[in-house]
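Based on the sequences and whatever the hints tell you, model everything.
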Amino acid sequence: MTAELARAGGLVAALGLAVLLVGARRDVRLAGLAVLALGAAPLAVYLAPQGRERALAAAAPLAVYLAPEGRERALAAAAPVGLLLAAALAFAFRRHPWLLPMAALACVPARIPVDIGSEEANLLLPLYGVIAAAGLALAWELVHGEGPERELGLLAWPLGAFVAWSGVSLLWTDDLRQGGISLLAFYLPFGLLAVCLARLEWSRRWLGALCAQLGIMAIAFAAIGIYQWLTGEVFWNRKVIVGNVYAPFHRVNSVFWDPSIYGRFLVVAILAGLVVVLYGAGARAALAAAAGIAVVWTGLLFSFSQSSFVALMAGVLATAAFAWRWRVAASLAAVAAAALAVSFAAPPIRNALADDVRSGLNKASSNRFDLVTNGLEIAADHPVFGVGLGGFKRAYAEATGLRGREPKTAASHNTPITVAAELGLPGFLLLAWLLGAAFVAQFRRASRSFAGRASLVFGLAFVAIVVHSLFYNALFEDPMTWGLLGLSAVAYAWRTSPARQAAPLLRGEPARSELPRRERVPHEAAP
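Heads up, the sequence shown is in the numbering used here, so the first residue is 222 and it goes up one at a time.
For the record, the hints were derived by calculation from the structure and aren't laboratory data.
There could be a bad hint or two in this list.
Said to hold, decoys possible - Label-pair distances were calculated between CB atoms; the ranges are:
id, residue 1, residue 2, range
1, Ala-468, Gly-429, 34 to 42 Å
2, Phe-312, Ser-424, 13 to 21 Å
3, Trp-545, Phe-312, 46 to 54 Å
4, Ala-313, Thr-717, 36 to 44 Å
5, Trp-518, Pro-369, 32 to 40 Å
6, Ala-342, Gln-527, 47 to 55 Å
Cβ atoms here follow ideal geometry from the backbone N, Cα and C, with glycine treated the same way.
Have a look at this one:
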């Protein structure tokens with residue numbers, strides 16, 4: 222009975238978030254926010270530890286019902302204090318809205334181990350507190366008719382449709398617990414965060430402060446990583462500690478749980494610094510950014526995260542393509558594709574290389590090549606509905622004969638393949654729609670103005686995270702993905718507003734001084 226209520230609750234909560242994303246009327250969106258909260262409750266009860274803790278979960282906030290056994294009473298007693306803190310933080314967000322992205326960014330590394338049923342997970346509990354406060358502030362604004370409507374713009378419909386379809390898939394998933402975790406711990410709270418961030422008013426001063434915060438955090442985390450490499454220490458993650466004993470190199474994770482998550486954060490910071498170096502407003506800023514990149518890259522090196530370095534390469538190539546125009550990048554891609562086609566044209570070469578490539582790729586990618594190919598087979602076997610949100614691991618184990626209910630070797634490492642297997646062709650198409658809309662919002666009308674550079678940073682960071690998700694399935698589990706969607710909507714709304722129509726574009730358009738006087742941007746509105 223609890224499981225069926227959880228399925229229904231997850232579906233209702235996902236639909237509530239979708240209504241909040243795409244709704245145009247204030248009362249409809251407020252209803253969507255309320256439905257989101259009500260639908261999440263039975264899902265949370267289902268995921269709570271067994272026994273008497275479930276009764277506590279029904280009346281306690283997220284931090285309580287996800288707490289490890291033995292802490293429930295203390296957390297329940299602290300729940301009223303948490304609500305008061307959330308209300309105070311919501312008031313601060315109302316007074317200074319740009320404190321929200323800065324607080325969210327500060328909480329990105331803070332993953333706390335908690336028990337969900339019989340399994341331990343590392344969740345962003347401090348970030349959930351920030352999102353709860355942002356949700357209270359959003360509810361206040363909706364009640365009083367404040368703020369914009371459909372803030373995410375062209376991202377609203379693809380994101381809303383994707384979230385809704387993910388919630389619907391809970392109705393047939395074979396792994397309701399894992400699907401519920403994905404929905405409750407990632408999709409619902411981070412989707413709410415994206416909405417709240419997209420409601421921010423454009424501010425060059427606050428965006429500059431946010432970029433500086435990202436750089437300072439990355440330098441600090443890289444310094445900690447370098448210290449770990451020099452001293453041979455690793456924090457938190459015992460799996461990494463044991464792995465380093467048998468590995469020929471010493472991986473570090475800084476203050477993050479996983480070295481790949483640590484590396485992904487540093488890659489985002491490096492790409493932001495690269496934009497400052499190439500298109501910054503002055504020599505001092507460029508020199509400071511270059512020095513920061515050197516430190517952060519050193520910290521990234523000692524993570525030994527292959528996926529992070531591939532993501533960095535993709536971001537750098539995207540930067541080069543943007544600077545040298547897309548035709549150069551397209552020509553290079555065409556030459557590479559032609560060379561590859563010629564190499565495989567001869568049957569002896571094709572047959573000889575096929576086995577070598579498969580075994581070599583599988584070994585180099587730590588068996589991820591087999592995960593991808595078997596994941597494609599699962600998607601082909603369930604083309605319409607998929608196996609349901611969270612069902613990849615169990616479906617993979619059944620298809621390959623792995624033992625155990627949740628074998629770790631069946632964990633997915635590729636987000637598009639996972640989406641295709643779990644959500645079928647509709648989910649995959651919705652993902653493609655979302656990614657395409659995001660790239661349009663981030664790269665369209667990019668300019669040398671501050672707004673153009675900010676959009677370029679968001680776009681490059683998003684490209685890096687998407688590429689990273691091809692090797693580490695954490696596209697929607699990363700709050701930075703959702704945060705970038707929200708901030709991209711803010712930048713896109715500003716760049717397409719009438720006040721920005723006269724801004725000089727990056728590739729050959731006339732400078733502001735060359736525009737007719739009636740088309741010039743006023744000094745107060747200029748970036």
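Taking the hints in turn, this is what the structure says about them:
1. Ala-468 with Gly-429: 34 to 42 Å: Taking Cβ atoms as reference, Ala-468 and Gly-429 lie about 40 Å apart, which means the hint holds.
2. Phe-312 with Ser-424: 13 to 21 Å: Taking Cβ atoms as reference, Phe-312 and Ser-424 lie about 19 Å apart, which means the hint holds.
3. Trp-545 with Phe-312: 46 to 54 Å: For Phe-312 against Trp-545, whose Cβ atoms are near 48 Å apart, the range 46 to 54 Å holds.
4. Ala-313 with Thr-717: 36 to 44 Å: violated (30 Å)
5. Trp-518 with Pro-369: 32 to 40 Å: holds (39 Å)
6. Ala-342 with Gln-527: 47 to 55 Å: violated (24 Å)
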